[in-house]
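Residue numbers (our numbering), protein chains in the order written: chain F, 1 to 308; chain U, 1 to 308.
Hint data in this document are derived by calculation from the structure and do not stem from the laboratory.
Hints may be right or wrong, so weigh each one.
[Stated by the list, open to error] Calculated from the model, a selection of chain U residues having no Cβ within reach of chain F, i.e. all distances over 12 Å:
no.: 1; residue: Ala-23
no.: 2; residue: Phe-73
no.: 3; residue: Ala-77
no.: 4; residue: Arg-106
no.: 5; residue: Val-146
no.: 6; residue: Glu-176
no.: 7; residue: Pro-205
no.: 8; residue: Ala-216
[Said to hold, decoys possible] Output of the computed footprint for chain F on chain U, the stretches with three or more beta carbons under 8 Å from beta carbons of chain F:
no.: 9; stretch: 96-102
no.: 10; stretch: 117-124
no.: 11; stretch: 150-163
no.: 12; stretch: 231-239
Predicted, not measured: the structure shown is a model, and the values here were computed from it.
Every residue gets a Cβ at the ideal spot worked out from N, C-alpha and C, and that includes glycine.
Protein chains: 2
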Amino acid sequence: MKLTLLAGGTGGTKLAHGFAILAERVELTVIANVGDDMELHGLHVSPDVDALLYTLGGLIDTERGWGVRGDTFTAHAMLERFGAPAWFTVGDADLATHVERTKRLRGGDRLTDVTAAMAAALGIRARILPATDERHRTLIETDEGVIDFQDYFVRLGQRPEVRGVRFDGDARASAEALEAIRDAELIVIGPSNPIVSIGPILELPGMRDALIAAGAPKLAVSPIIGGRALKGPADRMLASLGHESSSLGVARLYAGLVDRFVLDTADAPLAPAIGELGMAADVLPSVMRTDADRAALAAGLLALAGAT
Amino acid sequence: MKLTLLAGGTGGTKLAHGFAILAERVELTVIANVGDDMELHGLHVSPDVDALLYTLGGLIDTERGWGVRGDTFTAHAMLERFGAPAWFTVGDADLATHVERTKRLRGGDRLTDVTAAMAAALGIRARILPATDERHRTLIETDEGVIDFQDYFVRLGQRPEVRGVRFDGDARASAEALEAIRDAELIVIGPSNPIVSIGPILELPGMRDALIAAGAPKLAVSPIIGGRALKGPADRMLASLGHESSSLGVARLYAGLVDRFVLDTADAPLAPAIGELGMAADVLPSVMRTDADRAALAAGLLALAGAT
Numbered sequence: 001m002k003l004t005l006l007a008g009g010t011g012g013t014k015l016a017h018g019f020a021i022l023a024e025r026v027e028l029t030v031i032a033n034v035g036d037d038m039e040l041h042g043l044h045v046s047p048d049v050d051a052l053l054y055t056l057g058g059l060i061d062t063e064r065g066w067g068v069r070g071d072t073f074t075a076h077a078m079l080e081r082f083g084a085p086a087w088f089t090v091g092d093a094d095l096a097t098h099v100e101r102t103k104r105l106r107g108g109d110r111l112t113d114v115t116a117a118m119a120a121a122l123g124i125r126a127r128i129l130p131a132t133d134e135r136h137r138t139l140i141e142t143d144e145g146v147i148d149f150q151d152y153f154v155r156l157g158q159r160p161e162v163r164g165v166r167f168d169g170d171a172r173a174s175a176e177a178l179e180a181i182r183d184a185e186l187i188v189i190g191p192s193n194p195i196v197s198i199g200p201i202l203e204l205p206g207m208r209d210a211l212i213a214a215g216a217p218k219l220a221v222s223p224i225i226g227g228r229a230l231k232g233p234a235d236r237m238l239a240s241l242g243h244e245s246s247s248l249g250v251a252r253l254y255a256g257l258v259d260r261f262v263l264d265t266a267d268a269p270l271a272p273a274i275g276e277l278g279m280a281a282d283v284l285p286s287v288m289r290t291d292a293d294r295a296a297l298a299a300g301l302l303a304l305a306g307a308t
Numbered sequence: 001m002k003l004t005l006l007a008g009g010t011g012g013t014k015l016a017h018g019f020a021i022l023a024e025r026v027e028l029t030v031i032a033n034v035g036d037d038m039e040l041h042g043l044h045v046s047p048d049v050d051a052l053l054y055t056l057g058g059l060i061d062t063e064r065g066w067g068v069r070g071d072t073f074t075a076h077a078m079l080e081r082f083g084a085p086a087w088f089t090v091g092d093a094d095l096a097t098h099v100e101r102t103k104r105l106r107g108g109d110r111l112t113d114v115t116a117a118m119a120a121a122l123g124i125r126a127r128i129l130p131a132t133d134e135r136h137r138t139l140i141e142t143d144e145g146v147i148d149f150q151d152y153f154v155r156l157g158q159r160p161e162v163r164g165v166r167f168d169g170d171a172r173a174s175a176e177a178l179e180a181i182r183d184a185e186l187i188v189i190g191p192s193n194p195i196v197s198i199g200p201i202l203e204l205p206g207m208r209d210a211l212i213a214a215g216a217p218k219l220a221v222s223p224i225i226g227g228r229a230l231k232g233p234a235d236r237m238l239a240s241l242g243h244e245s246s247s248l249g250v251a252r253l254y255a256g257l258v259d260r261f262v263l264d265t266a267d268a269p270l271a272p273a274i275g276e277l278g279m280a281a282d283v284l285p286s287v288m289r290t291d292a293d294r295a296a297l298a299a300g301l302l303a304l305a306g307a308t
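Isolated chain F, as found in the complex:
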């Protein structure tokens, strides 16, 4: 079945991997967040796309959760010596990805095509689609001013309270991304940060309407378990933006967009309230520690959607 997953960050990437493991049953397309993209050392870095490339390509450093397993850091040390900013650590293989991507983008290729070529080079069967080929950078409004996403996320370690999120650029969703929504037989919003991973995708003009118009079953998976994000600042961010830091709070953000909302077994008591939002609330174990966990959650979602 044609499955389209919206993803960004760790949780969404892990679920993408779960679906990729089920490749015999799933023709996977991942629409990836590019709001985290940045220029580093003059190169175009797409952290969420890279996490998908490395994870689905079997290269990811699972210990660190980012970058390439066994990577070296020789270039980074040299860049530091030249006085380049060192707060965003880049491995050498990772740097090669940024160099190659930047070369192709400067040559006029779209990020969509560059990503497809890289995925093919890494032997990835799934399609990875950047949500847009245009500039669409997440800006974080804090008490100390408006800062770039990676400044907030990496340089400042997610310490500032988030007062708002907006986007730099006037981007449109890519034709491929919209088509992947339209043609999907199942649409899944991954367990990613709803504000800064899924939000940047949904905020692209046409994306929300495409999602509403899509004929496929649509389900979302909560990134919050027991009021906490497993990783990252989603919980604090929800709270500081006036949302409830819970699966219920996330479900409210997706009301009208999805038919089903999947929350972890730990949050089962919240299911009735979510059901009142006009979506089915389903309970599944959703902590993905191992590859088996990822495949099990993916299979559970297929089952829920009636695609056993």
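Keeping the supplied structure of chain F fixed, place chain U upon it in accordance with the hints.
Relative to chain F, chain U alone:
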């Protein structure tokens, strides 16, 4: 004393190191060939400038004769995986140099300023001046057509016969390079390939005139010993371009430009013929195997110039 050295490639770089060792007596400026510059993986690579940076910064891989000692090649392997051309091997630290340089150039800095900043970062006291900040690429005319210098030098391993050399671009010498010629108290043309290392510097409009007009003693060191280049294709290139592949052939190319010509002891019999070209011919051991050899040749040149 203010010494200005024209250099490119291995021999010129080694002599630059020799003068740098004599830092208490020599205020060294090196005018570096940039005809070898190329774009690789979308990055600006300046091989001769890098050889100077790495050698004078104490980073050079003396075994290989290029690149950074102890460098890793992780990025190169990844770039190969992405299908990028692999014939020009780039270490990870070396890649960092190209990334940082390219970032600064794209930001509007001149190569002169970028090089000065990098030299400072590496603790280099000598000034390294690219001969020009503008596009000035050596093109090699061969029987198989006109090719880029690095295509000839690295990709094709210097196999094609060289029928001519010309330059892509309409470059002018940098103000700093011309000033370094004008203000020098001693000018040395290093033992570099006269056609593709020194030639690209001399061919810049104004450079030859500046050299002729300069008040300082001017001497050149032969890169040919016993009819052979110690490294590189200078001997074959001289021959295929109709010059004599000898110290005498090189001296003829510099007639009118220098007062003294230094040839290796092995070539002593050629001294009288060189003397007839209107320059003094001096014999010095000029093979630089060790750092001591480099310093000894540098000191010998200072002595010849009367600057003991």
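Sort out which numbered hints this structure fails and list those numbers smallest first. 2, 3, 4, 11, 12
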